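There are 2 protein chains.
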Amino acid sequence: MAIQRIAILGTGLIGASTGMALREHGFSGHISGWDPNPQQAATAQERGAIHEAVSDPISAAKQSDLILLGGPVFTILEWLERLGPELKPGQLVTDVGSVKGALVEQAARFYNLEGRAGFLGGHPMAGKEVGGAANADADLFKDAAWLFTETPESYAMETASREIADEWREWPLKFGCRVLDLEPARHDMLCAWVSHLPQFISTAFTALLEDEFGSKDEVIPIGGRALREMTRLGSSPFSMWRDIAYTNTDAIAASLLALEQRLAHLRENLKTPELREEFLLANRFRSKNNQ
Amino acid sequence: MAIQRIAILGTGLIGASTGMALREHGFSGHISGWDPNPQQAATAQERGAIHEAVSDPISAAKQSDLILLGGPVFTILEWLERLGPELKPGQLVTDVGSVKGALVEQAARFYNLEGRAGFLGGHPMAGKEVGGAANADADLFKDAAWLFTETPESYAMETASREIADEWREWPLKFGCRVLDLEPARHDMLCAWVSHLPQFISTAFTALLEDEFGSKDEVIPIGGRALREMTRLGSSPFSMWRDIAYTNTDAIAASLLALEQRLAHLRENLKTPELREEFLLANRFRSKNNQ
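Chains as they are written, first to last, in our numbering: chain C, 1 to 291; chain E, 1 to 291.
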C-alpha cells in the first residue's frame, strides 16, 4: 500500500464522509484532518472520520502521501497555491470540488511538474442540502459517480506520485462508486446541467415561494412529495454555492437561459398540442434512464 | 353508517388507492368500480380496491350512496354532466380532480339544487409519476393533505346528501390525511404553485435534457439525487396533465412566468451579492417549513 498517511483539509460533509468511507472500507493507515472551523475537525474526529485533528495543516500535508482538499472551490484554490511549493514527488493532492476547470488551471502552475507533487482533480457526485461533519456518512458515495479529471499534465506527474494516484483511484470503487474520467471543461458543462442547474432551480423556486407565501402558513401543509423534492435543495448553504456560481458562471448561465426559454415555451403552449411533445420528450428521457 | 355503497368511476392510481384505503381502514360496505379501460377496473379488483368491476357505471352510480369520480379533469367534467340528472338527494358525488374551479362551476348546474344529489369537490394532494391501478397503494394518502372545496352551493345541498358528505369528510382523516377546506379559486392558485408548477419545471428540465443529451449516455450516470428528484415527474403522463393545463391555465402561466423571471434574476447575478439574498430567502422558507 503506497498510501499510508492521508491529510484531509476541510472536514465538512464531503471531507469527513470520505474519511469515514476510507475507514469503513478498510484503510489501515493514518488520517489527519484540519478545518478552518476547529469544531468541524473535532466533530469529524468524534465521528471517526479522522484519527487526529491537527492545528498545523501544512505540516500535516507535508507528512502525508495523499492530501485531500475539501470545502468551497475558492478555499481549494487557495490551498493548491499554498501547498504547491511545500510538497514533493511521491505526494498527491486531490480534491472533491464541484468545479474542475478553475482548479485544474490553478494546479497546472504548481503540480505535475518535474520535482513537484502530483495533482489529480476529483469530484464525488454526492452531497446533501445540509453541510458539516455532523451530517457526514460513510455510505454517502454508494452508487454515486466519482469523477476524475485526468489531463495531459496529470498523466505527466512524477512516477512516485502516479503510484499514489493510481492507488487513490481504487478507493472510490471500494466505496461503491462508478468511476469516470472527464475532460475538465466537459466536466463543468455536464455538472452545470445535472447538478448546478437543479440547485439554482430549487433556490429560485423556494425563494419565490418565500416571497409569495413566506408570512402565511398555507403552502407547505397542502404540498406533497413534489413540493418537498423541488424545495429540498433550497436549504443548501450559499457559502458553498457562491464559489460554484463564480467559477462555473458561463456553463450555469447557459443552462439557466435554456431552461427559462423552455419554461416560456411550455407557458405559451399550455393549451396547444405542443405541450404533448414536451411531455413525450420528458417521458422518453425517463424511460431510457429510469433510475 | 350512512355510506353503504360506493361507486368509483375511474379506477386508476387515485381511484384505486382510495378504494384500497377505504377497505384498509375498515369500510364495511360495498365498493363497485368502473374505468374506461376495463383492464384498469380488473386490476383494481384484483388488488382489492373494489369488490366488483361493473360494466354499467350509471346503474352502479344510481345504486350508490357515494360516487367518487377519478381520472383526468375533462373526464370528471363529463361524468358530472352525465350523472347529474340520474341521481337524487341522499346521494353525494365527490371527486379527486387536481383542478377545482372548472369542476365546481360544472357541478353548480346539476348538483346541490332542490331535488338533486349533492356535490362536494375533493383533491388528495398525493400522487405518483406513474398512473394506473397497478401502482395504487392503500397508504398513498398517509400524511398528505386532502383538500375539500365547500362552497355556498355545497352547504345548501339537501340534508340527506349532507349526511353523506359529512361522513365522507371523516374518511380522509382515517387515511391519515390533514383535511383542509379551500375556496375553489384559491385552491387552483395554491395548487398551481405547489403541484402544477413543480410538474412543469420537471417536464421542461427533463425535455431539455432529452434534447441536449438524448442520444448520449453520459448524463444520467454522473447525476445524483438532485437529478433523480428533478426529473422524476418527467415520467408523468400527458393524458393527466393536458386537462390540468387546460383548466388551470391562468394560474399555471402566472407561476411559470414568475419562475422564469426569478431564474433570469439568478442568472444575471451569479457573480453579485444578490445571489446571497436568493439563497437566504430559500433557506428561510425551508427553515420555517422543514419537512
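Treat the hints as calculated values from the structure; they're not laboratory data.
Hints may be right or wrong, so weigh each one.
[To be verified] Cβ-to-Cβ under 10 Å is the rule here; a few derived chain C residues that face chain E:
#: 1; residue: 127
#: 2; residue: 128
#: 3; residue: 151
#: 4; residue: 173
#: 5; residue: 174
#: 6; residue: 218
#: 7; residue: 219
#: 8; residue: 267
#: 9; residue: 278
#: 10; residue: 280
[Unchecked claim] The calculated lysine-lysine pairs, modelled on DSS-like cross-linking and capped at a C-alpha distance of 30 Å, are:
#: 11; chain 1: C; residue 1: 271; chain 2: E; residue 2: 128
#: 12; chain 1: E; residue 1: 128; chain 2: C; residue 2: 288
#: 13; chain 1: E; residue 1: 142; chain 2: C; residue 2: 216
#: 14; chain 1: E; residue 1: 216; chain 2: C; residue 2: 174
#: 15; chain 1: E; residue 1: 174; chain 2: C; residue 2: 216
[What the hints assert, rightly or not] Example chain E residues on the side facing chain C (calculated, C-beta under 10 Å, incomplete):
#: 16; residue: 158
#: 17; residue: 202
#: 18; residue: 207
#: 19; residue: 259
#: 20; residue: 279
Keep in mind it's a predicted model, so treat the numbers as computed, not measured.
We treat Cβ as the ideally placed atom computed from N, Cα and C, and that holds for glycine.
Problem - Hints violated by the structure (numbers, ascending) - result: 3, 4, 5 and 16
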